[in-house]
Amino acid sequence: MPRGVAIPELRQQLFAAVERVIAGDGPGRLTGRAVTREAGVATGLLHAHFTTFEDFLTGYAVDRAFLISGEVAGLPARAGTGSVAGNVADALLAAPPATLLSLTRLLAYRPELTAGIEAVLGDGSAGLQAAERAIAAYLAAERGLGRLPDNTDTESLALAAVAVLHHVALTGESGASAEARIRRATAALTGTTRLPEEHR
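Quick note, the sequence shown lines up with residues 1 to 200 if you use full-length UniProt numbering.
Calculated directly from the structure, the hints in this document are not laboratory data.
Just so you know, these numbers come straight off a predicted model, no measurement behind them.
It is possible that part of the hints are untrue.
Stated by the list, open to error - With beta-carbon atoms standing in for the labels, derived distance ranges: (1) Thr51 - Gly24: 20 to 28 Å; (2) Ala108 - His49: 21 to 29 Å; (3) Ala188 - Pro111: 27 to 35 Å; (4) Ala163 - Ala98: 46 to 54 Å; (5) Arg20 - Glu54: 18 to 26 Å; (6) Asp150 - Arg29: 46 to 54 Å; (7) Ala77 - Phe53: 36 to 44 Å; (8) Arg33 - Ala98: 15 to 23 Å; (9) Pro111 - Ala73: 20 to 28 Å.
From the three backbone atoms N, C-alpha and C, an ideal C-beta is built for every residue, glycine too.
All chains should be modelled from the sequences, with the hints used to inform the complete structure.
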(Lines of atoms letter the chains of each structure in order from A and count residues from 1; the text may use other names and numbers.)
(Lines give C-alpha, C1' and ligand atoms only; values in the text may rest on other atoms or scores of the structure.)
Protein backbone atom coordinates (compact mmCIF):
# COMPACT_ATOMS: atom_id res chain seq x y z
CA MET A 1 0.00 0.00 0.00
CA PRO A 2 1.39 3.45 -0.86
CA ARG A 3 2.69 5.52 2.03
CA GLY A 4 0.27 8.11 3.34
CA VAL A 5 -2.88 6.35 2.15
CA ALA A 6 -5.47 6.14 4.93
CA ILE A 7 -6.92 2.73 5.69
CA PRO A 8 -10.58 2.90 6.73
CA GLU A 9 -11.38 1.19 10.03
CA LEU A 10 -7.77 0.13 10.58
CA ARG A 11 -8.39 -0.77 14.21
CA GLN A 12 -11.17 -3.19 13.33
CA GLN A 13 -9.11 -4.59 10.47
CA LEU A 14 -6.28 -5.34 12.91
CA PHE A 15 -8.69 -6.71 15.53
CA ALA A 16 -10.25 -9.06 12.97
CA ALA A 17 -6.73 -10.21 12.07
CA VAL A 18 -6.11 -11.06 15.75
CA GLU A 19 -9.08 -13.42 15.65
CA ARG A 20 -7.87 -15.14 12.50
CA VAL A 21 -4.37 -15.61 13.90
CA ILE A 22 -5.70 -17.08 17.15
CA ALA A 23 -8.12 -19.34 15.27
CA GLY A 24 -5.40 -20.60 12.98
CA ASP A 25 -2.28 -20.70 15.15
CA GLY A 26 -3.38 -20.10 18.75
CA PRO A 27 -2.61 -17.17 21.06
CA GLY A 28 0.99 -18.30 21.54
CA ARG A 29 1.80 -17.27 17.96
CA LEU A 30 0.24 -13.84 18.31
CA THR A 31 2.79 -11.13 17.46
CA GLY A 32 2.60 -7.71 15.92
CA ARG A 33 4.15 -9.03 12.72
CA ALA A 34 1.69 -11.95 12.56
CA VAL A 35 -1.27 -9.59 13.02
CA THR A 36 -0.18 -7.03 10.43
CA ARG A 37 0.73 -9.76 7.95
CA GLU A 38 -2.72 -11.31 8.41
CA ALA A 39 -4.34 -7.88 8.05
CA GLY A 40 -2.33 -7.12 4.92
CA VAL A 41 -0.86 -3.86 6.24
CA ALA A 42 2.62 -2.58 7.04
CA THR A 43 3.99 -3.59 10.44
CA GLY A 44 4.59 0.03 11.40
CA LEU A 45 0.89 0.86 11.16
CA LEU A 46 0.16 -1.07 14.34
CA HIS A 47 2.69 0.94 16.32
CA ALA A 48 1.48 4.17 14.74
CA HIS A 49 -1.84 3.64 16.55
CA PHE A 50 -0.73 1.78 19.69
CA THR A 51 2.29 2.51 21.88
CA THR A 52 3.14 -1.14 22.46
CA PHE A 53 1.85 -4.54 21.37
CA GLU A 54 0.51 -4.96 24.90
CA ASP A 55 -1.53 -1.77 24.45
CA PHE A 56 -2.84 -3.17 21.17
CA LEU A 57 -3.92 -6.45 22.78
CA THR A 58 -5.61 -4.53 25.59
CA GLY A 59 -7.42 -2.40 23.02
CA TYR A 60 -8.60 -5.53 21.26
CA ALA A 61 -9.73 -7.16 24.51
CA VAL A 62 -11.60 -4.02 25.64
CA ASP A 63 -13.35 -3.69 22.27
CA ARG A 64 -14.49 -7.32 22.23
CA ALA A 65 -15.48 -7.40 25.91
CA PHE A 66 -17.60 -4.30 25.29
CA LEU A 67 -19.22 -6.04 22.32
CA ILE A 68 -20.11 -9.08 24.44
CA SER A 69 -21.49 -6.84 27.20
CA GLY A 70 -23.72 -5.09 24.71
CA GLU A 71 -25.03 -8.36 23.30
CA VAL A 72 -26.21 -9.64 26.69
CA ALA A 73 -27.27 -6.35 28.30
CA GLY A 74 -30.93 -6.72 27.35
CA LEU A 75 -31.33 -10.26 28.63
CA PRO A 76 -32.92 -9.45 32.04
CA ALA A 77 -35.67 -7.52 30.26
CA ARG A 78 -36.71 -10.73 28.49
CA ALA A 79 -37.86 -12.34 31.75
CA GLY A 80 -41.36 -13.70 31.42
CA THR A 81 -41.14 -14.15 27.66
CA GLY A 82 -40.10 -17.14 25.58
CA SER A 83 -38.45 -20.08 27.33
CA VAL A 84 -35.85 -19.76 30.07
CA ALA A 85 -33.48 -22.20 28.34
CA GLY A 86 -33.96 -20.51 24.98
CA ASN A 87 -33.32 -17.03 26.34
CA VAL A 88 -30.14 -18.12 28.14
CA ALA A 89 -28.87 -20.00 25.09
CA ASP A 90 -29.63 -17.05 22.83
CA ALA A 91 -27.58 -14.81 25.14
CA LEU A 92 -24.68 -17.24 25.17
CA LEU A 93 -24.73 -17.43 21.38
CA ALA A 94 -25.30 -13.73 20.71
CA ALA A 95 -21.68 -12.68 20.25
CA PRO A 96 -19.88 -13.64 17.03
CA PRO A 97 -18.30 -17.10 17.41
CA ALA A 98 -14.89 -15.85 16.23
CA THR A 99 -14.92 -13.21 18.96
CA LEU A 100 -15.88 -15.67 21.69
CA LEU A 101 -13.22 -18.14 20.61
CA SER A 102 -10.40 -15.64 20.29
CA LEU A 103 -11.12 -13.56 23.39
CA THR A 104 -11.61 -16.64 25.57
CA ARG A 105 -8.36 -18.18 24.36
CA LEU A 106 -6.45 -14.92 24.62
CA LEU A 107 -7.51 -14.24 28.21
CA ALA A 108 -6.71 -17.82 29.21
CA TYR A 109 -3.23 -17.38 27.72
CA ARG A 110 -2.73 -13.77 28.84
CA PRO A 111 -4.78 -13.34 32.05
CA GLU A 112 -2.97 -10.09 32.84
CA LEU A 113 -5.09 -8.42 30.14
CA THR A 114 -8.08 -8.68 32.47
CA ALA A 115 -6.83 -5.73 34.52
CA GLY A 116 -6.63 -3.58 31.41
CA ILE A 117 -10.20 -4.43 30.44
CA GLU A 118 -11.54 -3.70 33.91
CA ALA A 119 -9.64 -0.40 34.07
CA VAL A 120 -11.75 0.77 31.11
CA LEU A 121 -15.05 -1.10 31.47
CA GLY A 122 -15.20 -1.71 35.24
CA ASP A 123 -14.91 -4.70 37.53
CA GLY A 124 -16.34 -7.97 36.28
CA SER A 125 -16.36 -6.89 32.66
CA ALA A 126 -13.58 -9.05 31.22
CA GLY A 127 -14.24 -11.99 28.95
CA LEU A 128 -17.50 -13.73 29.73
CA GLN A 129 -18.03 -12.12 33.13
CA ALA A 130 -20.56 -9.65 31.72
CA ALA A 131 -22.53 -12.55 30.28
CA GLU A 132 -22.44 -14.32 33.64
CA ARG A 133 -23.78 -11.23 35.45
CA ALA A 134 -26.54 -10.66 32.89
CA ILE A 135 -27.63 -14.31 32.99
CA ALA A 136 -27.68 -14.31 36.80
CA ALA A 137 -29.85 -11.17 36.81
CA TYR A 138 -32.17 -12.69 34.21
CA LEU A 139 -32.53 -15.97 36.12
CA ALA A 140 -33.25 -14.06 39.34
CA ALA A 141 -36.01 -12.18 37.51
CA GLU A 142 -37.46 -15.46 36.21
CA ARG A 143 -37.34 -16.90 39.72
CA GLY A 144 -39.24 -13.86 40.95
CA LEU A 145 -41.88 -14.50 38.30
CA GLY A 146 -42.23 -18.12 39.39
CA ARG A 147 -40.76 -19.57 36.20
CA LEU A 148 -37.89 -21.09 38.19
CA PRO A 149 -38.13 -22.79 41.61
CA ASP A 150 -37.78 -20.53 44.64
CA ASN A 151 -34.62 -22.34 45.73
CA THR A 152 -32.79 -21.86 42.40
CA ASP A 153 -29.20 -20.70 42.94
CA THR A 154 -29.20 -18.23 40.07
CA GLU A 155 -25.55 -17.21 40.42
CA SER A 156 -24.30 -20.79 40.32
CA LEU A 157 -26.61 -21.59 37.42
CA ALA A 158 -25.29 -18.59 35.49
CA LEU A 159 -21.71 -19.68 36.19
CA ALA A 160 -22.46 -23.18 34.92
CA ALA A 161 -24.09 -21.84 31.75
CA VAL A 162 -21.11 -19.61 30.98
CA ALA A 163 -18.73 -22.49 31.76
CA VAL A 164 -20.39 -24.49 28.99
CA LEU A 165 -19.73 -21.67 26.51
CA HIS A 166 -16.18 -21.27 27.80
CA HIS A 167 -15.48 -24.98 27.31
CA VAL A 168 -16.91 -25.04 23.79
CA ALA A 169 -14.88 -21.94 22.85
CA LEU A 170 -11.63 -23.34 24.24
CA THR A 171 -12.04 -26.65 22.42
CA GLY A 172 -12.52 -24.76 19.17
CA GLU A 173 -15.85 -26.31 18.28
CA SER A 174 -17.97 -24.05 16.12
CA GLY A 175 -20.95 -23.95 13.82
CA ALA A 176 -24.15 -25.93 14.19
CA SER A 177 -22.63 -28.64 16.39
CA ALA A 178 -21.37 -26.07 18.91
CA GLU A 179 -24.75 -24.33 19.00
CA ALA A 180 -26.53 -27.65 19.50
CA ARG A 181 -24.26 -28.60 22.41
CA ILE A 182 -24.76 -25.23 24.09
CA ARG A 183 -28.54 -25.37 23.70
CA ARG A 184 -28.74 -28.95 24.99
CA ALA A 185 -26.55 -28.14 28.00
CA THR A 186 -28.55 -24.99 28.76
CA ALA A 187 -31.79 -26.94 28.59
CA ALA A 188 -30.39 -29.53 31.01
CA LEU A 189 -29.13 -26.88 33.42
CA THR A 190 -32.44 -25.02 33.53
CA GLY A 191 -34.48 -28.20 33.88
CA THR A 192 -36.03 -28.09 30.42
CA THR A 193 -36.95 -31.60 29.35
CA ARG A 194 -37.75 -30.94 25.69
CA LEU A 195 -35.95 -28.91 23.04
CA PRO A 196 -37.40 -27.55 19.81
CA GLU A 197 -36.82 -30.07 17.03
CA GLU A 198 -34.35 -27.84 15.18
CA HIS A 199 -32.00 -27.72 18.18
CA ARG A 200 -31.88 -31.44 18.96
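Comparing the hints with the structure gives:
no., hint, verdict
1, Thr51 - Gly24: 20 to 28 Å, "holds, 27 Å"
2, Ala108 - His49: 21 to 29 Å, "holds, 26 Å"
3, Ala188 - Pro111: 27 to 35 Å, "holds, 29 Å"
4, Ala163 - Ala98: 46 to 54 Å, "violated, 20 Å"
5, Arg20 - Glu54: 18 to 26 Å, "holds, 20 Å"
6, Asp150 - Arg29: 46 to 54 Å, "holds, 50 Å"
7, Ala77 - Phe53: 36 to 44 Å, "holds, 39 Å"
8, Arg33 - Ala98: 15 to 23 Å, "holds, 21 Å"
9, Pro111 - Ala73: 20 to 28 Å, "holds, 25 Å"
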